[in-house]
Amino acid sequence: MDGDVGSFRVHLQSLKDLAVRLREQLEVVQRPARAFDVLYQPPNLPLGAFAESYSLSDYHSDVAQQLAVVVEKVGRGLDFARSVTELVAQRYEALNAGGAQNIGAVSDLLPAPPAVALPTPQVWNSPPAPTQPAPTPPAPRSPTAAPVTGVAAAPAGSRATPQVLAQVTVPVPPDGGTVYYFDGSTSIPLTVTLQPDE
Amino acid sequence: MAELLDYRFGDMESTNTAVQQRLNDFRSTLSDFKGTYVRLAGQWGGATAQGAGQVAQTLDKFGNDVASVVNRFLTELTTHLEESISTERKNTNLFTG
Numbered sequence: 000m001d002g003d004v005g006s007f008r009v010h011l012q013s014l015k016d017l018a019v020r021l022r023e024q025l026e027v028v029q030r031p032a033r034a035f036d037v038l039y040q041p042p043n044l045p046l047g048a049f050a051e052s053y054s055l056s057d058y059h060s061d062v063a064q065q066l067a068v069v070v071e072k073v074g075r076g077l078d079f080a081r082s083v084t085e086l087v088a089q090r091y092e093a094l095n096a097g098g099a100q101n102i103g104a105v106s107d108l109l110p111a112p113p114a115v116a117l118p119t120p121q122v123w124n125s126p127p128a129p130t131q132p133a134p135t136p137p138a139p140r141s142p143t144a145a146p147v148t149g150v151a152a153a154p155a156g157s158r159a160t161p162q163v164l165a166q167v168t169v170p171v172p173p174d175g176g177t178v179y180y181f182d183g184s185t186s187i188p189l190t191v192t193l194q195p196d197e
Numbered sequence: 000m001a002e003l004l005d006y007r008f009g010d011m012e013s014t015n016t017a018v019q020q021r022l023n024d025f026r027s028t029l030s031d032f033k034g035t036y037v038r039l040a041g042q043w044g045g046a047t048a049q050g051a052g053q054v055a056q057t058l059d060k061f062g063n064d065v066a067s068v069v070n071r072f073l074t075e076l077t078t079h080l081e082e083s084i085s086t087e088r089k090n091t092n093l094f095t096g
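These protein sequence lines are chains A and B, in that order. Under numbering that gives the first Met the number 0, read the first sequence as residues 0 to 197, first letter to last. Under numbering that gives the first Met the number 0, read the second sequence as residues 0 to 96, first letter to last.
I should point out that these hints are in silico values taken from the structure, not numbers from a laboratory. The C-beta atom is built at its ideal place from N, Cα and C for all residues, glycine as well. Treat the hints with care, since some could be wrong.
What the hints assert, rightly or not - List of simulated lysine to aspartate or glutamate pairs, EDC-like, C-alpha gap at most 20 Å:
hint, chain 1, residue 1, chain 2, residue 2
1, B, Lys-89, A, Glu-26
2, A, Lys-15, A, Glu-26
3, A, Lys-15, B, Asp-24
4, A, Lys-72, A, Asp-107
5, A, Lys-15, B, Glu-12
As the list claims (entries may be wrong) - Cβ pair distances, simulated, as ranges:
hint, chain 1, residue 1, chain 2, residue 2, range
6, A, Gly-97, B, Ala-46, 51 to 61 Å
7, A, Leu-108, B, Ser-30, 14 to 24 Å
8, B, Arg-38, A, Ala-99, 43 to 53 Å
9, A, Val-62, B, Thr-78, 53 to 63 Å
10, A, Ser-13, B, Val-18, 30 to 40 Å
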């Protein structure tokens with residue numbers, strides 16, 4: 000963990016491993032502490048009823064008692080270190096896991112994109128569509144102004160085959176309409192006569 | 000589980016500020032979009048204006064939903080930063096208190 004204010008850097012597994020080691024050391028310390036019980040008992044030694052024997056017995060009891068106190072303090076210190084280490088690790092782990100879960104859960108709230116079909120403008124009212132004047136055919140010019148092409152008509156009443164000068168494709172004119180031949184510069188009115196095939 | 004937890008509160012706060020700024024930009028764009036379609040709908044006519052209005056409303060709702068989710072995301076980020084600072088303070092107090 001860094002000492003910087005406003006940050007921390009924790010290797011979580013190492014923290015947990017340290018807590019495990021502290022627990023193991025605590026067990027190691029507590030094991031001889033249980034063996035001290037035998038030291039608390041007054042020694043059953045036939046030293047005799049002389050003053051030094053009582054002094055030795057008291058000294059032995061004091062040392063045993065002090066040793067037990069020291070071992071107990073060491074044990075409490077190890078247990079405190081273990082519990083603090085576990086608590087710190089649990090807090091960091093809970094913080095990280097909780098944050099990941101809460102932030103990640105937001106993605107479940109994302110709405111599905113709507114299927115939008117953009118409209119194709121078909122009506123345009125503003126500005127109004129200008130009324131285009133009907134195209135006017137070019138002004139007819141005299142047939143003498145341009146070579147006439149088409150089919151030479153046979154004399155009236157003749158059943159001779161018309162002489163073909165040139166063949167052009169023209170649309171069938173509507174009733175009362177006029178078909179013009181227009182080569183890009185000259186316009187010539189044509190007379191179209193529909194005849195049944197013979 | 001992540002091997003290493005590397006929390007830098009200053010960087011986290013900068014990220015949250017950036018997300019907040021993007022959210023503001025998004026809401027502003029959404030508002031501009033609504034104003035534009037209202038203006039266009041007033042100029043158009045017929046079924047086209049009606050269709051455009053429906054599309055705009057659908058996108059507007061979607062945009063608001065997205066903004067709501069981003070806002071929730073920002074709230075979670077802010078909460079996580081506060082909890083991180085609080086956790087660090089509590090852990091530090093275990094040794095100094």
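Quick rundown of the hints versus the structure:
no. : hint                               : in the structure
1   : Lys-89(B) / Glu-26(A)              : violated, 28 Å
2   : Lys-15(A) / Glu-26(A)              : holds, 17 Å
3   : Lys-15(A) / Asp-24(B)              : violated, 44 Å
4   : Lys-72(A) / Asp-107(A)             : violated, 53 Å
5   : Lys-15(A) / Glu-12(B)              : violated, 29 Å
6   : Gly-97(A) / Ala-46(B): 51 to 61 Å  : holds, 52 Å
7   : Leu-108(A) / Ser-30(B): 14 to 24 Å : holds, 22 Å
8   : Arg-38(B) / Ala-99(A): 43 to 53 Å  : holds, 45 Å
9   : Val-62(A) / Thr-78(B): 53 to 63 Å  : holds, 57 Å
10  : Ser-13(A) / Val-18(B): 30 to 40 Å  : holds, 32 Å
Hints 1, 3, 4 and 5, counting from the list given before, are not met by this structure.
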